[in-house]
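> Residues per chain are reported as follows:
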Amino acid sequence: MITENINLLTAIIAIVTASACALPGVFLVLRRMTLMSDAISHAILPGIVLAFFLTHSVSSPLLIVAATATGILTVVFVELLQKTKLVKEDAAIGLTFPALFSIGVILISRYSKNIHLDIDAVLLGELAYAPLNQLDINGREIGPVALYVMGFMFVLNVTFILVFYKELKLVTFDASLAATLGFAPTLIHYGLMALVSMTTVGAFDAVGSILVVALIVGPPATAYLMTDSLTRMLILSVIIGSINALSGYWLSIFLNVSIAGTIASVTLLVFVLVFLIVPNRGLVSIARRHIRQKWEFAQTMLVIHLFNHEGLPEAQEESEIAHLHEHLRWEPSFALRVVKNALNNRYVLQEASQLMLTERGRAKAQRALVQ
Amino acid sequence: MLDFFFLTRFDYTLMVVSIGAALLGAISGALGTYAVLRRQSLLGDTISHAALPGIAIAFMLTGSKTPLILVLGAAIAGWIATLFVVGIVRLTRIKYDSALGIVLSTFFGFGLVLLSWIQHQGNANQAGLDTFIFGQAATLLQRDVLTIGILGGLALLITSILWKELKLLVFDEGFAASIGLPTRLLDIVLTSLLVIAIVIGLQAVGAVLMSAMLVAPAVAARQWTNRLNLMVILAGCFGAFSGVVGTFISSSATAIPTGPTIILCVTFMVVFSMALAPNRGLLWNSIKQSRNRHSLKLATSSLVKSTSVNNRIEENDNRKY
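Chains Z and S supply the protein sequences, listed in that same order.
In this note's numbering, each number is its position in the first sequence, counted from 1, plus 59.
In this note's numbering, each number is its position in the second sequence, counted from 1, plus 561.
Derived from the structure by calculation, the hints contain no laboratory data.
What you are looking at is a predicted structure, and each value in this text was computed from that prediction instead of being measured.
Where a beta carbon is used, it is the ideal one built from N, C-alpha and C, also for glycine.
Treat the hints loosely; a few may be bogus.
DSS-like mimics (lysine-lysine), calculated; alpha carbons at most 30 Å apart, straight line [said to hold, decoys possible]:
#, chain 1, residue 1, chain 2, residue 2
1, Z, K399, Z, K353
2, S, K656, Z, K353
3, Z, K142, S, K626
4, Z, K144, S, K849
5, S, K656, Z, K142
6, Z, K228, S, K656
Simulated DEER-style distance windows between Cβ atoms [unchecked claim]:
#, chain 1, residue 1, chain 2, residue 2, range
7, Z, F112, S, A814, 15 to 23 Å
8, Z, R388, S, D733, 33 to 41 Å
9, Z, P372, S, D733, 53 to 61 Å
10, Z, Y249, S, T861, 32 to 40 Å
11, S, A814, Z, I336, 54 to 62 Å
12, Z, L67, S, G735, 56 to 64 Å
Working from the sequences, and respecting the hints, build out all of it.
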């Protein structure tokens with residue numbers, strides 16, 4: 060009974076965490092800033108460590124405040140570096156977060172001999188322990204801390220997006236128009252970055268700082284393959300994130316392996332799967348479209364060829380099936396398949412070894428030539 | 562006697578580690594130059610994270626922790642990750658940054674799954690595989706340094722043989738293609754060199770910090786020169802120097818890990834270069850700017866004077882008539 064309860068709680072924590080992460084992720088993916096989440100998730104380490112030294116508690120709200128501040132500081136650092144024009148954006152990110160992360164690692168190994176804050180836990184997280192850390196109010200345990208924190212982050216993210224939906228949309232798709240209309244893109248930008256930092260901090264406890272990136276980037280990128288509408292993308296991201304979290308969690312129980320790692324692996328699997336099968340933009344439908352276009356084009360070539368020579372002295376020779384490969388420079392086997400398709404579509408009729416255009420085929424040729 | 566033994570032993574370890582760190586810094590600095598110039602700084606981050614499942618699979622298949630085998634596994638995984646990134650960018654509308662983010666985090670996650678699987682198998686030999694996540698320069702052995710030296714030397718040799726082709730690829734890919742260079746092949750070669758530079762450094766500095774070993778020396782070197790050959794050499798020197806300095810600092814105090822110390826050293830070099838480098842540095846720029854402002858002020862004031870004199874002359878002239 061208790062283990063069942065814990066399993067259920069862990070699954071719920073996983074789903075809430077994934078949903079909370081997916082929401083700001085949508086805007087990061089659209090604004091081509093996803094690596095900022097990678098940078099933030101690493102760079103908040105010194106903030107967490109310093110706050111931990113001050114409070115000596117892993118679950119203190121000060122940790123979230125400090126980490127959020129460090130996250131925003133990271134964004135500011137990266138932007139300042141870029142503004143010097145001595146460094147490009149990618150290099151600016153690649154310089155900032157390892158430096159901050161290094162400071163965090165050094166602080167931990169230098170000063171935290173007797174306290175249990177180890178790098179493994181921060182970097183990799185352990186979802187299995189999340190339900191065990193209960194929120195304690197007046198001696199009564201009222202549920203896991205992680206659930207409250209991530210639930211709060213989810214609500215905060217939803218509220219922010221609902222309230223600033225129009226501004227976020229404008230800033231994402233046309234930042235300069237937003238600036239001319241007086242929508243303060245910088246403010247929205249930093250608001251978003253603050254949310255990303257807070258969500259990352261909330262989630263690192265459960266899934267660790269590297270896999271947070273999978274939760275933030277994976278579902279929105281998958282949703283981006285499926286839709287053109289921002290609203291739908293937001294909703295789809297939350298759904299996909301939840302599906303990834305739930306299936307990853309059950310799979311990890313089944314295989315007895317790292318939970319967060321499995322959720323990340325499932326995220327990639329779902330992304331690839333969606334990429335293969337999604338209608339219109341998926342690899343399968345692209346390939347099918349290419350094949351269809353190839354045969355369509357070949358048949359059009361055939362009817363134009365027949366049409367050009369129709370009623371002329373050489374028509375006899377030109378409409379000989381066996382000669383098609385010579386006139387149109389097709390492989391004989393390919394020519395036969397084109398003829399078969401054209402016969403099926405009633406573009407041509409076959410009389411002995413000769414091809415005759417039908418009314419339909421003639422119309423098609425004329426249409427193609429006019430275009 | 563015993564004291565002496567310990568002392569030399571300690572020094573020997575320190576020597577091995579610092580030689581390893583220097584080699585590593587030189588190689589990743591030199592090859593990172595290309596990544597930075599091609600704006601692929603974060604590709605290194607992705608490759609270093611994505612190498613983890615390769616290490617795990619190499620261990621699962623062979624059961625050995627020979628550096629060469631693990632490096633080979635890491636290289637293959639890093640390679641597949643790069644293919645994924647290129648494939649996602651080419652075939653979907655997902656942008657480069659998102660592709661990097663997805664591949665980085667999910668490959669790493671898969672690596673964690675495999676590591677936890679290996680741990681549950683109870684193979685006693687598996688201890689230490691996770692040094693590849695955080696790195697542990699202090700555990701570098703002579704054979705590791707040898708692997709770094711041979712593979713890295715090979716990578717640098719290839720770079721120098723293909724010097725002119727790679728230079729053209731970095732600065733003008735379109736032109737390189739138009740004069741008949743196999744740009745796609747060269748791209749593959751350059752990416753493979755990057756993969757080699759990354760995987761040999763994983764054990765020492767770990768997946769998280771490896772990207773800085775690629776980016777930082779190159780960015781620092783970029784501030785001092787506009788020439789590729791100088792930049793590569795300088796980046797190599799900066800990398801090697803911070804490798805040695807970082808190792809010595811971390812060994813002189815207790816409980817300071819080597820990898821992060823090396824990263825902080827090289828970051829300091831970046832800050833120093835950005836501030837003080839001639840022609841490009843911030844200090845130089847601000848001096849130049851204030852000088853420009855001063856001369857502009859002089860020029861405008863003299864211009865104003867001369868125009869006002871001219872105006873007066875004109876006015877006088879007008880009054881005459």
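> Would you mind marking each hint as holding or not holding in the structure?
Do the hints match the structure? See the list:
Distance check on the hinted pair: K399(Z) and K353(Z) sit about 15 Å apart at the alpha-carbon level, within 30 Å; holds. Note on K656(S) and K353(Z): the hinted pairing holds, with a Cα-Cα distance of about 29 Å set against a maximum of 30 Å. Proximity of K142(Z) to K626(S) is assessed by CA-CA distance (about 45 Å); at most 30 Å being required, the pair is judged violated. Between K144(Z) and K849(S), the direct Cα distance comes to roughly 16 Å. Compliance with the 30 Å bound is thereby established for this hinted pair.
Proposed proximity of K656(S) and K142(Z) is supported: the alpha carbons are some 23 Å apart, at most 30 Å. Taking the CA atoms of K228(Z) and K656(S), the gap is near 18 Å; set against the 30 Å cutoff, the hint holds. Here the CB-CB span from F112(Z) to A814(S) is close to 18 Å, well matched to the stated 15 to 23 Å. Range check, R388(Z) to D733(S): about 37 Å between beta-carbon atoms, so the 33 to 41 Å window is met.
The beta-carbon spacing between P372(Z) and D733(S), approximately 56 Å, falls within the hinted interval of 53 to 61 Å. A hinted range of 32 to 40 Å for the beta carbons of Y249(Z) and T861(S) is consistent with their spacing of about 39 Å. The hint said 54 to 62 Å for the Cβ distance between A814(S) and I336(Z), and at roughly 56 Å that hint holds. Here the CB-CB span from L67(Z) to G735(S) is close to 58 Å, well matched to the stated 56 to 64 Å.
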